[in-house]
Structures are given as structure tokens and as C-alpha cells.
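Undergrad: Each chain, written out:
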Amino acid sequence: MIKTIAIGSLNNFVYGRCPKPVKTKRGLEIGTGIVFPEVNFTLPAMNINAQTWPQVIAHYTEMIDDVIHRSVELEVPQLQIEFETLPDMTLNPAWGLEINRLLADKLIAAQAKHGIKTALRFTPNDIREFSRPPIMRSGIHWEHMLEVFNKAGEAGADFLSIESTGGKELNDEALINADLPGVVFALGVLGCRDMAFLWKHMVAACKKNGVIPAGDSACGFGNTAMVLADKKMIPKVFAAVVRVATVPRTLIAVEQGAVGPCKDCAYEGVYIKAITGTPIALEGKSAACAHLSPIGNIAAAVCDCWSNESVQNVQLLSGKAPMVSAEQLAYDCRLMNVAARRSPEDALRLRDWLVESDAPLDPQAYVLHPEVVLRISKKIVQGETAYDRTRIAVQAALEELRKGADDKSYRLDPREESWLDMMEMAIEDDIPETEEAMIAQMAPHVDKSKCSLAEYGIEA
Amino acid sequence: MAKNEELFNAIMKGKRKDVAALVQAEIDAGANVGSILMESMIPAMREIGARFSRNEVYVPEMLIAARAMQAGLDLVDPLLSKSGHEPLGKVAIGTVKGDLHDIGKNLVAMMVKGAGYEVIDLGVDCDVAKYEEAVNNGVQVIMLSALLTTTMPYMKEVVSHLKAKGSKVKILIGGAPVTQEYADEIGADGYSSDANQAVASVEKALAK
Chain C
1 MIKTIAIGSL
11 NNFVYGRCPK
21 PVKTKRGLEI
31 GTGIVFPEVN
41 FTLPAMNINA
51 QTWPQVIAHY
61 TEMIDDVIHR
71 SVELEVPQLQ
81 IEFETLPDMT
91 LNPAWGLEIN
101 RLLADKLIAA
111 QAKHGIKTAL
121 RFTPNDIREF
131 SRPPIMRSGI
141 HWEHMLEVFN
151 KAGEAGADFL
161 SIESTGGKEL
171 NDEALINADL
181 PGVVFALGVL
191 GCRDMAFLWK
201 HMVAACKKNG
211 VIPAGDSACG
221 FGNTAMVLAD
231 KKMIPKVFAA
241 VVRVATVPRT
251 LIAVEQGAVG
261 PCKDCAYEGV
271 YIKAITGTPI
281 ALEGKSAACA
291 HLSPIGNIAA
301 AVCDCWSNES
311 VQNVQLLSGK
321 APMVSAEQLA
331 YDCRLMNVAA
341 RRSPEDALRL
351 RDWLVESDAP
361 LDPQAYVLHP
371 EVVLRISKKI
381 VQGETAYDRT
391 RIAVQAALEE
401 LRKGADDKSY
411 RLDPREESWL
421 DMMEMAIEDD
431 IPETEEAMIA
441 QMAPHVDKSK
451 CSLAEYGIEA
Chain B
1 MAKNEELFNA
11 IMKGKRKDVA
21 ALVQAEIDAG
31 ANVGSILMES
41 MIPAMREIGA
51 RFSRNEVYVP
61 EMLIAARAMQ
71 AGLDLVDPLL
81 SKSGHEPLGK
91 VAIGTVKGDL
101 HDIGKNLVAM
111 MVKGAGYEVI
121 DLGVDCDVAK
131 YEEAVNNGVQ
141 VIMLSALLTT
151 TMPYMKEVVS
161 HLKAKGSKVK
171 ILIGGAPVTQ
181 EYADEIGADG
191 YSSDANQAVA
201 SVEKALAK
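Protein sequences, first through last, are from chains C and B.
The first sequence lines up with residues 1 to 460 when you count with the working numbering.
The second sequence lines up with residues 1 to 208 when you count with the working numbering.
One chain only, chain C, in its complex shape:
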């Protein structure tokens, strides 16, 4: 287990650079000095089936052509595309692989023709939750996922990623109940155990097939909390703590062999970069086409790839939305790269502006403040187990949020003050120090129709 953090100094924690850059076989580099767009796109509202498949292909062809065209026009130095499959495309592996091949061929041709360095991140779905309770380590869905992992290289992927969902079946309910012990159990026990299992297989498949194992995202956990907080369903301070609680879980991908870039929607990625030194993708203001957030600027502060999350292929006044999105990302990156070219101090100044424009306004932004990230990261790596790290992450996040509220470093809605108190009581009284004790506390209350603990290697 990692015991010391890779980025110890605030001056070394900046966008575009990381201690462990990644280079693809076609020469695209991540973390060596520039930030560049990672564009993701998806279908408009439509059914996906054998009858509509020609239309699906036509949409993806149009989207990749548009994005490449605009990126070349705007002289983007490097372009990464993420193909995040829709569930039907992992349920039917041949479909996902066909689209991936199409995109890869277009990117390879663009690099040959225009000189733009290109790469493709392939992100199949975690479809194991199509079984209820989820069957995590066997069965048809797992076999389909393995097939996709193993054929990713043949289908032209440079990177393999996933938004894995182990533990989500319990985390959803814990979120809407603002149940902190429930979240720690779902993420720190189930999520961490599943990550070790899943990423061992993903890294093995990548090694066999010449694909770079990139990283995971706790999107279904941290971003679900963020969206619920945005809709005023749960307190923002709770969502902020959940964000930090996702860090040890996502860290396991790197410990199993992932080298980055961590997924764009993994806002916990800032911690992953600080702890491991691997590059990260992130998304913020230019991902508003996919979801709203209170962290639009701060998300860019230490990113290495800058993403739009996903955008539908719909017509806007200027053109189709994926092309528009590519342009927005290109200009965001240009600004960051110009500042970095001027001097390291200019890059740090821009980073700090990005931070200061969000961090004081929302606890969810505050826990992404680079200074806060470094302080909490140092504590997280002291944990002896993944569970221990999760418990420490929650405790450290609460300490930072309390201190930040007291000295008014961020705005805490008066309505949320009592929630901070309640979470402090929960960590004191209801979150045991060991995984064994946590399992003993929670297992009797797990609804077996929703979650099978045996799927996580826990004896009944």
C-alpha cells in the first residue's frame, strides 16, 4: 500500500504536470506540461437495437468527424476521445467493440493526416448490477465485461477505464438517508473489496492486450451525492464528505496497476493525483452540457486532461453539440497552456484563481482545494487497510469542514450546521475502527434481496 504521497508541495500540484506522466504508443503524452481536451459524446434520445444500429453508427461517425475537424481547425495539440458505452453496448459486446474500432480508426487516420496526437479511452459499463442483487464475480454480465476488457486492444483502445459500481446497491439508500455509517460500509468495505477484484482482472487484460489501464471513477457514489445535494435533497456538507470517502476506493485501481489518467467524472481524482502522482482527467464548467455542479472552475486547477463528461449529438445554433463542446474545451485548455508557457508562477496564479472562484462558496468545492487535498491525502495514506483509509478520509474531511466553517473559509448554510454535528457524532459512535467490526455491525441489517455480501467475499 502507498504510504507517502507523491506530491508533497503545493507548488508542484498544478494542472498539466504530474510526477508519473503517461505516454501512449502513438506518442500522446499526459502530465508532461500541457492540458488537452478529452471529448466524450453520446446518442440523442433514441432506442438502440438491431433495427436502429445503422443510425447509431451514423451518429458516432458524425460525432467523431465533427470533433476531429474542429480540433484540427483550432490547432489542438493533442486530442483524447472517451467512448463510454451505453449499457446495450456492453450487454452486447460486439456492438461496443464495433463503435470503438470505428472511433479508433478515425483517430489514427486524423493523426496520420493532420499530425494531431490522438488517443482513445474505452469505458465499458459495469453491467453487473443488471442482476438484482448484483452478481459481481461470475455470470453472464461479468463474462461480457471480461470479453470487452480482453478485446479492447484489438478494437483500438489506448486506455481502459470503468465507472465501477461495487457497493452502490447499498450506497444509494445510504445517500438518501444521509447515513454516514452506511456510506462508509458501502464504499470502504464493499466498494474497496470489489475494486481489488475488478481491477486485478482489468489490469491483467490490459497487459495481455497492449492497453493502458487508466483508472476508475466513483461517479455512482460521489456524483450521485453531488446531484442530490444540488437538488436540495441532501445537505452539501454530507455530499462533500462522501466525495472524500470515495478516495480510498478509487485509489485501489492504481494500487492494482492503473497508471492514469483517472476518469473525468472522478472528482476524487485530485486526491489520486496527489497521492499517486498519476495524471487525471477532470470535468467542470464545460461539462454543464451533461450535469450541473458547484465545482466548475476548481475542477480544472490540477487536471491533466479536460473533459466535457458527455454531450448528446443534437443540433445547436452553431453546429452539432459534440463539436461545440470540443471547441469549449479547446479554448479552456489554450488559456491554461498559455499561462503555463509564460512561467510556472503564472500557471500557479491561474490555478489559484480557479480555486478561489469556487472553494469559498460550497463545501463540495472546499474539499477539492489543493491545500485541503494535500492535508487530507497525507492522513489517508496512514491507514493500514482500505477500510481504515475510508474511515480516516471521512474523519479528516469532517475536521477540515469544521475548521473551514469556523474560520469562514467556505460558506456553510446555517441549515447545514446541525448536519456537521450529526456526522461528527456518527464517526464517534457508529463507525468502528476495523473492517471486521464494521461488517459485524452492518451485515445483520443488509437486505439480502438488494445485496449479497458473498459477492464481496464476506461470509454470511
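Since the hints were derived computationally from the structure, they do not count as laboratory data.
Only a predicted model underlies this, so the values are computations on that prediction, with no experimental measurement involved.
You may find that some hints are simply not true.
[Stated by the list, open to error] Within a straight-line C-alpha distance of at most 25 Å, the following computed DSS-like cross-link-like pairs (lysine-lysine) qualify: (1) Lys3(C) x Lys378(C); (2) Lys25(C) x Lys151(C); (3) Lys231(C) x Lys20(C); (4) Lys208(B) x Lys168(B); (5) Lys168(B) x Lys130(B); (6) Lys117(C) x Lys25(C); (7) Lys82(B) x Lys130(B); (8) Lys165(B) x Lys130(B); (9) Lys450(C) x Lys97(B); (10) Lys90(B) x Lys168(B); (11) Lys232(C) x Lys15(B); (12) Lys232(C) x Lys13(B); (13) Lys448(C) x Lys204(B); (14) Lys90(B) x Lys165(B); (15) Lys156(B) x Lys82(B); (16) Lys231(C) x Lys13(B); (17) Lys200(C) x Lys23(C); (18) Lys90(B) x Lys163(B); (19) Lys448(C) x Lys130(B); (20) Lys450(C) x Lys163(B).
[Claimed, not checked] Derived coverage of chain C by chain B (criterion: at least 3 residues anywhere in the stretch with Cβ under 8 Å from a Cβ of chain B; other residues may be distant): (21) 43-50; (22) 84-93; (23) 175-185; (24) 233-245.
Quick reminder that beta carbons are idealized off the backbone N, C-alpha and C, glycines included.
Guided by the hints, dock chain B onto chain C, whose structure is given.
TA: Then chain B, alone, in the frame of chain C:
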């Protein structure tokens, strides 16, 4: 104003034990169980829903109230059945085929149940046959949920299928990508943008 304000407040504050004790006291005193439900318990859940709509409480507080309500319902329900009291209506809810998202669906189910309706939760990844089975079992309202733009079109298949069969069931839809325009386009009977509005949509659909 609720008939039994103490019971109303106990539900609002999520005091399960107090709710059970107060309901039991009403029953022991020979109160009409339908009246306990309709005039004290359901108004409490409606009030907590209204407070949520006004951003005065969060969902966890609504859920605490719902669990307290349930403690009372556990005592009231068996007596209601014996007395022939009918729920306000019978509703089935499910996330459509290909979609596994259920947080929103579960919240809607909880609010509609709290408003006095019998709710059958069909779960996630529901195909046409599953909805049709619910219709055959006598539900008056079907609620379809979807979070993905690529699963949303399945709502149209469900609506078309049930309408083609001549079903009189009311079909309501909701979910992040869903709009009133889309509901109109596919011939759904209603749309709601959040859990609390969903109760009003059910009421409106059944009043038609």
C-alpha cells in the same frame, strides 16, 4: 389543521415510538381508523412533502417521517382492511427497461404511499410485460421512471402498448431527461418533475 395534532407532530418529527403509542391510544379509544389515517397521518406526510418542496427539509428528514408514519400504518392497516376502508387508489411504479436508476423512483413511491395510495414497486429494468401484469392486477395508475436519454424512448413503447390494448390505466412519467413536452408527445397522462409533484399528478390523473 390535523385532527390529532400530537400525532401529526410526532410524524413530522419522525418519532416512531410516539407515533405507535398515539395511534394505539386512538384505536383503544375507539376512534375511526380511517379518520386517524386521513385526518392526522396523511396530512403530516403532505406537510413534510410541502416543506421539502419549499427547501425547508432534506430527503433524510422526509424518510424519517415516512418511517414514523409506517409505525402507525402497521397498526392501522389491518383494521382498515377489516373495516372495508379502501386506499385512495392503487399505483404501480417502475424504472423502464435498460435503466437501473432507482433513487428518484423510490422517493416517488414513498411520497405517493405517504399520501394514502397503495403502491406496488415493480423495481428497475421493467419491460412492457411487467407493467401490463400490474395493470391486469387492477392498478389505476402506472408511473414510469427513466434517467437515461436512451431508455426514455421505452416509455413510448409502454404507453403505445397499453393504449393499443385499450387500457384505461393512467400513465405518468418522470425522470431527469423527461419533460412535459415529451409526455404530451408520447400520449402519457401526466408528468412530474419531482417526488412531491408526483403526488399531485396521481391525484389529478385519478380525478379525470
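Undergrad: With the threshold set at 25 Å, check whether the alpha-carbon distance from Lys200(C) to Lys23(C) stays at or below it.
TA: Holds. Lys200(C) to Lys23(C) sits at ~22 Å (cutoff 25 Å).
Undergrad: So if I understand the rule, the pair passes when the alpha-carbon distance is 25 Å or less; does Lys156(B) with Lys82(B) pass?
TA: Judged against 25 Å, a Cα distance of about 40 Å means the pair is violated.
Undergrad: Can the restraint linking Lys82(B) and Lys130(B) be considered satisfied, given a maximum Cα separation of 25 Å?
TA: At roughly 30 Å apart (the allowed maximum being 25 Å), Lys130(B) and Lys82(B) break the hint.
Undergrad: Mind checking the alpha carbons of Lys231(C) and Lys20(C) for me, to see if they're no more than 25 Å apart?
TA: The given pair, whose Cα atoms are some 38 Å apart, is violated under the 25 Å limit.
Undergrad: Has the given pair, Lys232(C) with Lys15(B), been kept, meaning a C-alpha gap of at most 25 Å?
TA: Holds - the C-alpha atoms of Lys15(B) and Lys232(C) are around 23 Å apart, at most 25 Å.
Undergrad: Are Lys450(C) and Lys163(B) close enough, with their CA atoms no more than 25 Å apart?
TA: Violated: Lys450(C) and Lys163(B) sit about 33 Å apart, past 25 Å.
Undergrad: Sort out whether Lys168(B) lies within 25 Å of Lys208(B), counting only the CA atoms.
TA: holds (11 Å)
Undergrad: Is the straight-line distance between the alpha-carbon of Lys165(B) and that of Lys130(B) 25 Å or less?
TA: Roughly 15 Å between the alpha carbons, so the hint for Lys165(B) and Lys130(B) holds.
Undergrad: Would you check the hint for Lys90(B) and Lys165(B), treating anything up to 25 Å between C-alpha atoms as holding?
TA: holds (20 Å)
Undergrad: Please work out if Lys450(C) and Lys97(B) have their alpha carbons no farther apart than 25 Å.
TA: holds (18 Å)
Undergrad: Closer than 8 Å Cβ to Cβ for three or more residues is the test here. Does the segment 233-245 of chain C pass it with chain B?
TA: Held - the segment 233-245 of chain C has 3 residues with a Cβ nearer than 8 Å to chain B, which meets the minimum of three.
Undergrad: Verify the proposed pairing of Lys3(C) with Lys378(C), using a straight-line Cα cut of 25 Å.
TA: holds (9 Å)
Hints 3, 7, 13, 15, 20, counting from the list given before, are not met by this structure.
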